[in-house]
Amino acid sequence: MSFLRNILNEIVSLLSFENPAREEEFVLDTQPKLPGLTSDAPRTGGASPGTSAGPDTEQGKAQGREQGTGQVGRRAARRDRAQRLSAVTALGAAPEHTARGFLRPKKLSAVSVGADAGRATLRRRARSPLEIHGRDAFHETSEEIPPSVSGATPSPKGQQEGSSEAQGAQGQSGGQGRQEGDKADELKPLAENLQANLGALKEVLHYGLNSDVIVREFEIPTSPPTKAAIVFMEGLASKDIIDLAILQPLMLISNLNKDLRASDVLEIVERRLLPGNQVSRKHNLRGVVEGVIAGTTCLLIEGCATALEVETKSWEHRGVSQPTAEMVVHGPQEAFNETLKNNVALVRRRMRTPDLVSEILKVGTLSRVDCAVLYVEGLTNPKLVAEVKRRINAIKADHIQDTGVLEQFIEDRPLVLVPQTLSTERPDRMAAFLAEGHVGLLLDGSPFGLIVPVTFWSLLHAAEDHFLRWPFGTFLRIVRVAALGAALLLPAVYIAVTNFHPEMIPTDLLLAIAATREKVPFPTAVEVIIMEMSFELIREAGIRVPGVIGPTLGIVGALILGQAAVAASIVSPILVIIVALTALGSFAIPNFNMAFAARITRFAYIALAAAFGFYGIAAGVFVQMLIYVSTRSFGVPFMSPVAPFAQSSGDVVLRYPSWSMELRPPFLQTSPRERQPEVARGWTQAGGVDAPSPSPPPVQPSRGARMKAAGTPAPAAEPGPQDKGGAGRA
Amino acid sequence: MLEEGRIGTNEAVAATVYFLASKLFISFPQQMATVGLTAAWVIPIISFSTGALGFLIIAALLKRYPGKSIVEISEQIAGPVFGNLATLGYFAFFFAATILVMRQFSETVGTALLPRTPLSVITAIFVLATLIAVYLGGEAITRAAFLAAPLIVITLVFLNILSLPQANLDAMFPIFGPGPGKLLYHGVVHSAIAGEVMFLAVVAPQLRDGHKVKTMGLIAIAITTFFTSVSVLVFVTVFPYPLCLHIPYPGYETSTLIYVGRFFQRVEVAFVFLWVISGCIELALGAYTSTMILARMLKLPIYRPIVPAVAIIGYTLAFTPPDVPTATRLDFELVRTFGGIAVFVVPALLLLVAQVREARGTRRGEPTRGA
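Residue numbers (the working numbering), protein chains in the order written: chain C, 61 to 790; chain Z, 5 to 375.
Hints listed in this document are in silico derivations from the structure and should not be mistaken for laboratory results. Keep in mind that this is a model prediction, so the values were computed, not measured. Check before you lean on any hint, since a few could be wrong.
What the hints assert, rightly or not - Heads up, simulated SDA-like pairs for lysine to any residue below, C-alpha to C-alpha not over 25 Å straight-line:
id, chain 1, residue 1, chain 2, residue 2
1, Z, Lys216, C, Gln707
2, C, Lys401, C, Pro474
3, C, Lys768, Z, Arg212
4, C, Lys768, Z, Thr13
5, Z, Lys218, C, Val702
6, C, Lys768, Z, Asn14
7, C, Lys768, Z, Asp213
8, C, Lys768, Z, His215
9, Z, Lys216, C, Lys449
10, Z, Lys216, C, Phe705
11, Z, Lys216, C, Lys422
12, C, Lys443, Z, Arg212
13, Z, Lys218, C, Gln707
14, Z, Lys218, C, Ala706
15, C, Lys443, C, Pro474
16, C, Lys287, C, Ile353
17, Z, Lys186, Z, Met176
18, Z, Lys218, C, Phe705
19, C, Lys422, C, Arg409
20, C, Lys443, Z, Arg10
21, Z, Lys216, C, Val702
22, Z, Lys216, C, Ser708
23, C, Lys443, C, Tyr688
24, C, Lys768, Z, Thr219
25, C, Lys768, Z, Gly214
26, C, Lys443, Z, Gly9
27, C, Lys768, Z, Met176
28, C, Lys449, C, Arg410
29, C, Lys401, C, Ile420
30, Z, Lys216, C, Gln729
31, C, Lys449, C, Arg408
Unchecked claim - Short derived list, chain Z residues pointing at chain C, Cβ under 8 Å:
id, residue
32, Ala128
33, Ile129
34, Arg266
35, Val280
Quick reminder that beta carbons are idealized off the backbone N, C-alpha and C, glycines included.
Work out the full structure: start from the sequences and follow the hints.
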């Protein structure tokens with residue numbers, strides 16, 4: 061894999077705008093030849109000895125010193141960089157990924173700033189991505205880098221460990237080239253001097269260049285007046301809230317005691333003068349910057365080394381609309397939008413339990429995006445939650461813009477076609493999965509959420525299955541299984557039957573097919589490939605075409621072109637039917653990623669059928685079965701609970717009545733396992749249907765409880781509080 | 005410790021059934037008819053019953069040494085020299101059976117589906133699929149077997165039921181065929197047709213419920229006995245003796261006779277599709293068992309490095325018989341006859357030795373650590 065990666069790096073570097081001669085500047089090793097650096101200046105990026113990178117960081121430093129000022133070959137430089145960057149948690153390492161190479165700062169130069177003895181300052185020139193295309197001017201940042209960094213500072217609460225410790229709050233300046241001092245600066249406490257804080261903030265936020273950054277200095281009418289300032293991002297913060305809830309009370313209130321200390325002023329302002337519903341304290345630069353770029357407003361007060369962050373987020377966003385990819389006839393018509401808080405609220409509206417926990421993690425190094433991890437405390441297996449958080453915290457990428465990207469970073473087997481997470485835009489669906497014991501993921505800026513873990517059977521379920529009565533839900537699932545089979549195998553079976561096994565076809569049908577194929581100049585396999593590729597082209601074009609032309613193009617492409625192709629004897633009529641049925645089958649698969657997997661696998665089956673007929677198809681089915689049963693989603697076998705077999709409620713292939721689904725999925729190892737008692741319809745108990753409204757029926761011991769009593773091995777989940785969210789509900 | 009996954013109870017039973025019953029789709033019924041004549045359907049009953057007795061002995065050994073496979077147990081009881089000899093016997097049985105079955109399956113596919121495709125290509129596809137399966141491990145193979153279990157059941161049920169219109173029950177008589185004595189003799193001598201049940205003993209450390217191995221084996225043998233005897237009975241009634249002696253591919257020939265209306269005829273291709281999947285599972289199990297035996301004997305920490313070698317050797321040896329009747333005869337008269345010594349007699353001797361030692365109050369040295 062590393063060999064292929066290196067090949068790819070070579071190709072990309074040849075095609076890139078990079079000047080190969082400047083490759084060495086990308087390598088931190090070459091800093092010793094840059095003026096102004098002392099011999100003690102650290103030459104590797106932001107990881108400190110105390111981080112999880114540990115010895116690698118020291119190794120990286122040693123390598124940097126060894127290479128000194130010598131010219132290094134491009135390949136050797138890349139190799140060295142790879143070794144060090146693997147230890148540099150601050151640099152958003154998946155350093156071998158060439159796609160991100162374009163987004164890194166490429167040029168480093170050092171200018172000594174300040175005369176502070178024993179300290180070296182490196183002024184970096186961070187090349188913005190725009191320069192690759194538009195040759196824009198550099199923008200500069202300067203940071204002070206201490207000669208040594210004494211261990212990792214513990215991350216603040218809610219922030220990830222390890223990789224995120226050294227991730228700068230300086231989102232715009234990119235990940236590459238951060239020095240160890242960056243981490244110290246990011247976590248450096250705020251100064252008591254207002255101007256010092258403002259200076260640091262202005263530098264980080266590129267005040268002057270960045271027209272969105274607003275700094276409003278004012279005075280709090282104490283005696284003497286206390287200087288203060290607010291910093292916010294125009295467009296992300298609500299001006300009304302700022303004016304009415306921050307500036308107005310602070311500027312117009314008087315009668316503050318002249319003998320107040322700065323800390324007292326802070327206390328009074330926080331507790332009495334800021335009517336904002338969310339006010340929190342920030343003690344370091346990173347916390348302030350992250351808050352500002354997220355849309356909050358930070359208040360700095362002269363003499364206080366603490367800033368107050370007031371919730372003022374308000375920006376233009378899309379409202380709650382109908383789902384586009386998971387439409388149902390019977391069921392809620394709400395879908396997620398791009399605002400994380402709205403999405404969490406939509407889920408919370410449906411899961412009215414105080415145990416629904418929404419933990420916010422930061423993902424990304426260049427752009428730190430909020431990612432909400434949703435689970436039900438006391439129900440969801442803590443090991444699953446810990447694993448999800450571990451994987452998210454371990455992501456080293458500059459920008460995760462959508463859950464589709466997030467999914468690719470956390471899935472177990474990236475090379476398998478089948479998805480290992482379930483993507484949904486429906487809050488009701490996410491709530492249903494959370495109630496079963498899954499974990500939900502929402503990303504700020506993405507209208508799709510992720511459900512983990514997922515099984516093959518879940519990918520064939522639709523939200524509507526549960527909203528309909530069980531015969532209809534079961535029928536729809538059978539239809540979908542047949543649709544999956546058609547999407548995968550129908551063209552291949554057609555090729556196998558017509559080419560290798562024509563005796564299977566009834567004679568009349570065989571004669572009809574032969575007659576229609578008589579004038580077609582292509583072999584069946586080529587014919588199928590032509591039609592399938594044409595249909596994929598039409599499908600892809602239909603997504604991109606402007607809305608007004610869309611229906612017209614659909615009619616033109618699907619009907620007229622198909623009819624024209626038949627009339628021109630390029631394809632046979634029956635093949636049009638085959639391809640149409642195949643396409644309908646792939647559309648009937650509820651999960652978009654699963655449908656994609658079927659679309660791609662279909663071509664493999666076409667090739668096998670063309671070469672080996674039914675034998676090839678059978679071998680392909682066998683291999684695909686093997687791949688599916690050996691795939692895992694967050695440790696859960698993909699074909700659970702069928703293979704490996706485990707007793708579950710009737711919600712796997714068929715859908716049993718809702719009142720009989722007493723157990724949660726066994727592979728989630730939730731606590732408790734039962735979601736409802738054996739008799740969930742309490743009205744069917746004592747007295748029959750016509751009896752007066754009974755008191756709550758006694759909870760019957762469920763099958764799961766009886767299993768436990770009989771000595772069946774208990775689930776491996778840690779014991780949690782009982783009767784959470786499910787058991788006992790009638 | 006050999007890298008290994010975990011195999012559940014249902015998966016183990018399904019895999020064992022596949023391992024035992026997939027022979028129905030090749031020349032096995034014909035071989036039964038060769039020795040049992042009109043009472044060919046009795047042979048599987050006797051053979052599998054004998055095999056069940058043999059498996060009880062193996063289960064007793066496994067119970068005596070929990071958490072160990074038959075390889076480690078053999079070495080622990082018989083010592084490194086004789087233990088490895090015994091292990092080689094197990095390996096020889098499974099490997100020989102696998103390659104001969106692979107040859108027969110390839111020939112069946114070549115005859116039924118791809119008459120103009122070279123046999124080497126057909127066999128190569130089998131080997132490739134088997135290679136992938138063994139690489140993914142016993143966990144994947146057994147789960148695939150369980151997932152596809154309805155396939156074999158539906159195939160056998162439909163094949164037998166739909167063939168009944170062509171069956172002539174008079175062909176069952178004389179009911180004891182060559183005589184009860186000969187039936188018993190051939191049934192016992194060819195008890196190695198149930199030898200694949202030793203698969204459970206090879207993968208015993210991987211079983212999630214190792215203490216239930218006896219139940220698993222007996223259930224698998226019972227299911228296989230039922231389907232096998234019914235299938236052979238249908239065969240000898242559809243193709244009465246002596247016609248049945250000249251049918252090299254009984255299942256295929258039987259399925260060609262299925263006719264349910266104008267649109268449901270000549271469906272043997274669909275059955276072969278299912279047989280191929282069954283054959284792939286059986287071959288994967290055979291290759292996996294052979295590989296695991298070898299890996300445990302050699303005390304390897306992982307078995308995957310030797311998989312390609314086993315596959316290439318098996319592929320080469322599969323072409324050793326000049327034709328399919330030779331392969332069938334080798335399978336039935338050599339492997340299924342003398343193989344019983346390796347898979348049933350040797351474990352019985354080992355159990356005897358173990359019991360004698362226990363009676364004398366001695367156990368041999370330190371437990372052998374499994375590879």
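Each hint, compared with the structure:
Restraint check: the Cα-Cα separation between Lys216 of chain Z and Gln707 of chain C comes to about 18 Å, which is no more than 25 Å; the hinted pair holds. Simply put, Lys401 of chain C and Pro474 of chain C have alpha-carbon atoms about 29 Å apart, too far for the 25 Å limit, and the pair is violated. In summary, the hint linking Lys768 of chain C to Arg212 of chain Z is supported, as the alpha carbons are separated by about 18 Å, within the 25 Å threshold. With a C-alpha separation of about 19 Å, the suggested pair Lys768 of chain C and Thr13 of chain Z falls inside the 25 Å cut-off, and the hint holds.
Note on Lys218 of chain Z and Val702 of chain C: the hinted pairing holds, with a Cα-Cα distance of about 23 Å set against a maximum of 25 Å. Distance hint between Lys768 of chain C and Asn14 of chain Z is fulfilled; the C-alpha atoms sit about 20 Å from each other, no more than 25 Å. Taken as a hint, the Lys768 of chain C and Asp213 of chain Z pair is honoured in the structure, with Cα atoms around 17 Å apart against an allowance of 25 Å. A threshold of 25 Å between alpha carbons decides the hint, and for Lys768 of chain C with His215 of chain Z the separation of about 19 Å falls inside it, so the pair holds.
Of the pairs offered as hints, the one joining Lys216 of chain Z and Lys449 of chain C is violated, with about 38 Å between alpha carbons and a cut-off of 25 Å exceeded. Proposed proximity of Lys216 of chain Z and Phe705 of chain C is supported: the alpha carbons are some 16 Å apart, at most 25 Å. Distance restraint check for Lys216 of chain Z and Lys422 of chain C: the Cα-Cα separation of roughly 49 Å exceeds the 25 Å cut-off, and the hinted pair is therefore not satisfied. Between Lys443 of chain C and Arg212 of chain Z the alpha-carbon distance is near 21 Å, which keeps this suggested pair within the 25 Å criterion.
Taking the CA atoms of Lys218 of chain Z and Gln707 of chain C, the gap is near 22 Å; set against the 25 Å cutoff, the hint holds. Between the alpha carbons of Lys218 of chain Z and Ala706 of chain C the distance comes to roughly 21 Å, so the proposed pair stays at or under 25 Å and holds. Taken as a hint, the Lys443 of chain C and Pro474 of chain C pair is honoured in the structure, with Cα atoms around 22 Å apart against an allowance of 25 Å. A hinted pair counts as satisfied when its Cα atoms are at most 25 Å apart, and Lys287 of chain C with Ile353 of chain C qualifies at roughly 23 Å.
In summary, the hint linking Lys186 of chain Z to Met176 of chain Z is supported, as the alpha carbons are separated by about 17 Å, within the 25 Å threshold. About 20 Å separates the Cα atoms of Lys218 of chain Z and Phe705 of chain C, which keeps this hinted pair within 25 Å; it holds. Between the alpha carbons of Lys422 of chain C and Arg409 of chain C the distance comes to roughly 24 Å, so the proposed pair stays at or under 25 Å and holds. Among the hinted pairs, Lys443 of chain C with Arg10 of chain Z is consistent with the structure: their alpha-carbon atoms are about 20 Å apart, no more than 25 Å.
With a CA separation close to 20 Å, the supplied pair Lys216 of chain Z and Val702 of chain C stays within the 25 Å bound. For the suggested pair Lys216 of chain Z and Ser708 of chain C, the alpha carbons sit about 22 Å apart, so the restraint of at most 25 Å is met. Only pairs whose Cα atoms come within 25 Å are accepted, and Lys443 of chain C paired with Tyr688 of chain C is accepted, the gap being roughly 24 Å. A distance of roughly 22 Å separates the Cα atoms of Lys768 of chain C and Thr219 of chain Z; the hinted pair therefore holds under the 25 Å criterion.
For the suggested pair Lys768 of chain C and Gly214 of chain Z, the alpha carbons sit about 20 Å apart, so the restraint of at most 25 Å is met. Restraint check: the Cα-Cα separation between Lys443 of chain C and Gly9 of chain Z comes to about 21 Å, which is no more than 25 Å; the hinted pair holds. Of the supplied pair hints, the one linking Lys768 of chain C and Met176 of chain Z is violated, its CA atoms being roughly 51 Å apart against a limit of 25 Å. At most 25 Å may separate the alpha-carbon atoms for a hinted pair to count; Lys449 of chain C and Arg410 of chain C meet this at roughly 23 Å.
For the suggested pair Lys401 of chain C and Ile420 of chain C, the alpha carbons sit about 10 Å apart, so the restraint of at most 25 Å is met. At most 25 Å may separate the alpha-carbon atoms for a hinted pair to count; Lys216 of chain Z and Gln729 of chain C meet this at roughly 24 Å. Pair hint Lys449 of chain C plus Arg408 of chain C holds up; C-alpha atoms about 20 Å apart against a cutoff of 25 Å. At its closest, the beta carbon of Ala128 of chain Z sits 11 Å from a beta carbon of chain C; the interface hint therefore is violated under the 8 Å criterion.
At a threshold of 8 Å, the smallest CB-CB gap from Ile129 of chain Z to chain C is about 5 Å, leaving the interface hint in force. Taking 8 Å as the C-beta cut-off, the interface hint given for Arg266 of chain Z holds, the closest approach to chain C being about 6 Å. The criterion of a C-beta within 8 Å of any C-beta in chain C is met by Val280 of chain Z, whose closest approach is roughly 4 Å, and the hint holds.
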